[in-house]
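Protein chains in written order, with this note's numbering: chain D, 370 to 615; chain V, -16 to 400; chain U, 2 to 646.
In case anyone wonders, no lab produced these hints; they're calculated from the structure.
Honestly, I wouldn't trust all of these hints.
Heads up, incomplete: computed chain V residues facing chain U, CB under 8 Å, no partners named [claimed, not checked]:
(1) Ile13
(2) Leu61
(3) Arg103
(4) Trp152
(5) Leu153
(6) Ile166
(7) Gly170
(8) Ala174
(9) Phe180
(10) Leu353
(11) Ala364
(12) Pro365
Far from chain U, some chain V residues (derived; all Cβ distances over 12 Å) [stated by the list, open to error]:
(13) Leu11
(14) Thr19
(15) Tyr86
(16) His121
(17) Leu320
(18) Ser326
Between beta-carbon pairs, the in silico distance windows are [said to hold, decoys possible]:
(19) V:Ile285 to U:Pro417: 44 to 52 Å
(20) V:Val20 to U:Pro280: 52 to 60 Å
(21) D:Asp426 to U:His440: 29 to 37 Å
We treat Cβ as the ideally placed atom computed from N, Cα and C, and that holds for glycine.
Next come the chains, spelled out residue by residue.
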Amino acid sequence: MTTLLEVDSISVSFDGFKAINNLSLTIPETGLRAIIGPNGAGKTTFMDIVTGKTRPDSGRVLWGQGGMDLVGMSESRIARLGLGRKFQRPTVFEAQTVAENLDMALRNARNPLAVLLARRTDGDRARIAALAEEIGLLHHLGRRAGELSHGQKQWLEIGMLLAQDPRLMLVDEPAAGMTVAEREHTTDLLRRAARTRAVVVVEHDMEFVRRLECRVTVLHEGRVLAEGSLDHVTGNQDVIDVYLGR
Amino acid sequence: MTTAPVPALRRRPILADNPSVLWALLVLAIVTLGVTVLAEGAGAGVISTSFVKTLGKTLCLCLAAVAMDVVWGYCGILSLGHMAFFGIGGYAVGQWLMTARTYDIVAQSLAGQPLPPTPRELDQAVATQIFGVVGSDHFPWIWAFSHSLPLQLLMVVLVPGLLAGVFGWLAFRSRVTGVYLSILTQGMTLALSLWLFQNDSGLRGNNGLSGLQNIPGLEGWGQDRISIAFFWASALALGLGYLLFAWLTSGRRGSVIRAIRDDEARVRFLGYGVEGTKLLVFTLTAVVAAIAGALYYPQAGIINPGEVAPLASIYLAVWVAIGGRGRLYGAALGAALVSLMSSWFTGGGVPDIPLGIYTVQWTDWWTVLLGLAFVAVTLLAPKGLGGLFDLMPRAPSRRQGDWGPDDGAWRNEEGEP
Amino acid sequence: MRIVLALIAALWASMASAQTLQDLLQADPEAISDPSRRTVGEVLDRLVASGLPEVPTFLERWQAKEVVQRQSDGLFFYGTKEGGGHVLFDVSSGEEVGHSGPREVDELRPNAGVRGVIGSALIQFQLSDPDIARRQAALDAIAKDPAPEQLEPLRASLEGEDDPGVLARKERLENLLAARFEADPEARIAAIEALGSDITVEARAVLNQILSSEPRAADAIPAEANVAWKLTPGSDELPREAAYVMLVEAGLAPPRVTENAIRDALVAALAGGKVGDAPVATLGSDEARHAAYDAIAPARGLPPRISEEEVDAALGSHAFWQDYAEKDAAITGAAERALASAVTRVSLYQAADIALDAISLASIYFLAAIGLAITFGVMGVINMAHGEFIMMGAYTGYVVQTLVPDYTLSLILALPLAFAVTFAAGVAMERLVIRHLAHRPLETLLATFGISIALQQIAKNIFGTQARPLTSPSWLDGAWIVNDVLGIAYIRIAIFVLALLFLGLLLFILNRTRLGLEVRAVTQNPGMAASMGIDPDRIAMLTFGLGSGIAGIAGVAIGLYAKVTSEMGSDYIVQSFMTVVVGGVGNVWGTLAGASLIGILQKGIEWFNPSNTLAAQTYMILFIIAFIQFRPRGIVAMKGRAAGA
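Construct all of the structure, not just a fragment, from the sequences and the given hints.
Pasting the structure below:
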């Protein structure tokens, strides 16, 4: 399997605190990957670096077969390359309707002139309806996103991520605030998506990770502590020390 | 795939999506016709020529306010520089008006000479006439196109467009947002007005340009008919500007613009070029403001650097806020109401209030009242006057967008997407 | 001094036997009683040459119109009016010699020109006067109006001078006079070279005087000319037209026929709607007029037009140069070197002076902006009414001054009172308005703008539109002057000290007190601070009060050196914003850095273009906009996650 994303020994520090310390990681073209770790392990900072929000002090982030370096690119450029992100706190445009939120996220031309002259096509409408059905918001399309419940906002954001149709999905704590049934639905969705693309899930919740049945990377103090199946990493003495030792 | 007929996805023409556009244009048309019928220049003579001019100027201010609403209420950029673009438009058209008119006057006065004047003599006499007040007798380079109306009209669009483009590119590129950006635009406005105040800027320093109400080529018309013509032109510009901005703020482009206002970092992660969109909105609204200025100053008759000062741009923001930002008709309503009330109160139209020991003279106290009213509106009615329409029965619930960028701007300040 | 007295005594002894002063005066009484500016010099020379010790006294009293002439015998006396006549005193001994009745004596009233000549003759006596004040007055007189003949007396007086200050001054003046008037070229060059280390205006004036030059034109540069530098026609220094005019004035080229002259000639030749063969209507261009003029010129005896080629040829065949009035190249060379050296020193001092100015401007910006920076940093609020708080402070000072006439006392009262007034206003504004707009910074900006225009207009309604003075106590008047170039007003030093005081005070409050700890906590993480039991509302209120109070103090300070008007706030508000933006938010040092940068920048730009402060401000704002490109978060930016996106 070819590599989609290769993080090559990146480091970053804030005011002397090393948030990421010589971290290296590869993500293949397709499949699920879970990243776990205690608070302050550098999970969010890792995503910030990959998506271009934070610039690492050193190291490279290589993308695709050409090995394009993402460091220094703008967030929007990286997103256009096919890197989608769902945030920990649901971040949708609360003043706009569910339909508008999904419409904006749809994979379409992004240059300013095309956006200026864009019209919503029938294909777009069908896609929005399909996505809305998938995330259970079909009958809420005309409502403002701000009126939705927390869980619905989570769903909407997942829907927006799917609408972007990215090559790599970075999903930060997708299951927070969801019921058991919804969690199962989420797991299904992510696993289905991972058949055609790479999906990286950052999670706290071991149960959810177990259900994903995928390779797990454990981060601690900004570097990789262990990698492998969930059973493998939970058997690792270092991981036990970090998670349970204190 | 089951594509159930979802009402929210039904295809609708833009105007049906924004019924307020139709209403606004209708009101504008009725006002225009009404004023025309009642004016001295064209009909009953109930409305004086000077009041027609005041109304025409008000329409131009409404257009500037609508532009301001788009850049602030929709795109979240509190620009304190749009009246500067307005002023540049005025200066650009004023250069032609003043030059052409002075040429006419000078040619007339030289006609009595025994020899016909040479072009050089004519130029020099005109330049002395115009720039005598700043101690100069030749045209500065900045007047290079002033002999040509088409070129000078091009300048109305080009100069503010370039200025806004370069400034916006620099500011947005470095990701200056929120109050920082406002202060920066204010700095730009201050720099421009200080530059205009200098005599060697070539635009007659603090004298400004004057006599702009005399339109060369229309001497036979008389001010009453000219005022109606400009009133119509202003109304047409406002109507077209309103349509343009209604189009701009609708559909996906409108969604993206409002999304930038609410959370520009998130828009970036969707892959949209935030800087480009902001630059486009900033520049486009600047150009529209300049066009409004180009129509305003021939009706005002005089322009000086004080009109470009930062205060004017802040007032523009005040009008939009009072009218209700995030809705185009609100901005226009606010501008019309506040500017007309200002001229009513400060023009002595409102009787003073004797309080026994002290008489409240409105020429002195209007500004105080306006300031406090503005604070009250901001505190108690953040939706502005436009919010009243939401209280109407069967109020259109399709209006998109909330009343401000501030929640979003604050989220952005905190830096957590 | 003793030597001079001994000398004078010896002289007196030798001369007294020969002649008395009265004898001298009677030698040519007309010249004394009815002097003219032209003739008086001769008499004065004689009087001075006599060496009589009473001559200076006589000259002074003559100058003061206290000398009278008795009509009966033509003798001169000092006279003071008494009753209808005069009391007469002997001109030599000064003893009273009798009275005169009315109309028995004539009062001598030399005119102003004569008195001036007497005055300059007196200087040489005054230079050795025992009274130090008179010696200094004499030196002032020489410095004001130097003349060649003063050089020798000045030199003579050097030896007896015992006051070191006056001696130094005499030596400097001797040097200045020698540089200009010394006959011996070598001594003069030495004097000129000594001026190279002198940075006073006087010294540079002398050097410039020696180096005075004027433009000249000739077929070729004559051998005896002392050429300052060559001129090129058509350069900025000597435009083409001006060069040709020089040739015309030197009689080296015929004058050009101006366009106006052509027009007048054509008008004069106008007959029957035609000039020559050309119809009037065709004469609407320069070319047509030239042709018509050329056609009629020979017949009417008009001078021919000079073509551009002829002008070029004339300019090309002549030499233009700047010619020194002083013909000795060695002397002008020495003066040039001395001036260059002096100018270098002067520019060093000027740079120091600009630096002082910049520091004082920076102190003002710091005082004006620090309150704004604190509120912005802690609450994310831009207070547009901050400038009006400055104005309120200044008016508080003005009102206190009208109630307490003693300026020192009123200033001491005004500072805390201004702080109290604006502190209260700030707290009121925070409670009534800003608290209700939490987390809506742009709306806060606009609401405070509403307050700003209301306050400004209220001030206008109460105090009127004219500027009100805020007078500083007399001990703050004047300036600390190092030399002719370097100096600073005490009031500016006081403002600098005030700024330092507040810098120290703020650093103390923020870093050493409980309040400061809580403020810093709220600045860095409001949510966390609140959860730790800090009441953010209370902190916000106190911070806002503190920031506004400092604005009030700044208002008093600014009012002292500028005027108090209702619009003074808006003069400082944009600069204050810029200071905050450039410096970075939430940090006292950032504001200090921002204020320093803007102060130095503004003064620096003014140095390059001193005539135009408006342009300086324009360039400064443009610079700031460019600066933001490189440091969008200011000079002292918060780093890390707390700083946000």
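Hint-by-hint comparison with the structure:
no.: 1; hint: Ile13; in the structure: 32 Å, violated
no.: 2; hint: Leu61; in the structure: 5 Å, holds
no.: 3; hint: Arg103; in the structure: 6 Å, holds
no.: 4; hint: Trp152; in the structure: 10 Å, violated
no.: 5; hint: Leu153; in the structure: 6 Å, holds
no.: 6; hint: Ile166; in the structure: 5 Å, holds
no.: 7; hint: Gly170; in the structure: 5 Å, holds
no.: 8; hint: Ala174; in the structure: 4 Å, holds
no.: 9; hint: Phe180; in the structure: 6 Å, holds
no.: 10; hint: Leu353; in the structure: 7 Å, holds
no.: 11; hint: Ala364; in the structure: 12 Å, violated
no.: 12; hint: Pro365; in the structure: 7 Å, holds
no.: 13; hint: Leu11; in the structure: 27 Å, holds
no.: 14; hint: Thr19; in the structure: 35 Å, holds
no.: 15; hint: Tyr86; in the structure: 14 Å, holds
no.: 16; hint: His121; in the structure: 15 Å, holds
no.: 17; hint: Leu320; in the structure: 16 Å, holds
no.: 18; hint: Ser326; in the structure: 17 Å, holds
no.: 19; hint: V:Ile285 to U:Pro417: 44 to 52 Å; in the structure: 47 Å, holds
no.: 20; hint: V:Val20 to U:Pro280: 52 to 60 Å; in the structure: 54 Å, holds
no.: 21; hint: D:Asp426 to U:His440: 29 to 37 Å; in the structure: 32 Å, holds
Going through the hint list in order, the structure does not satisfy hints 1, 4, 11.
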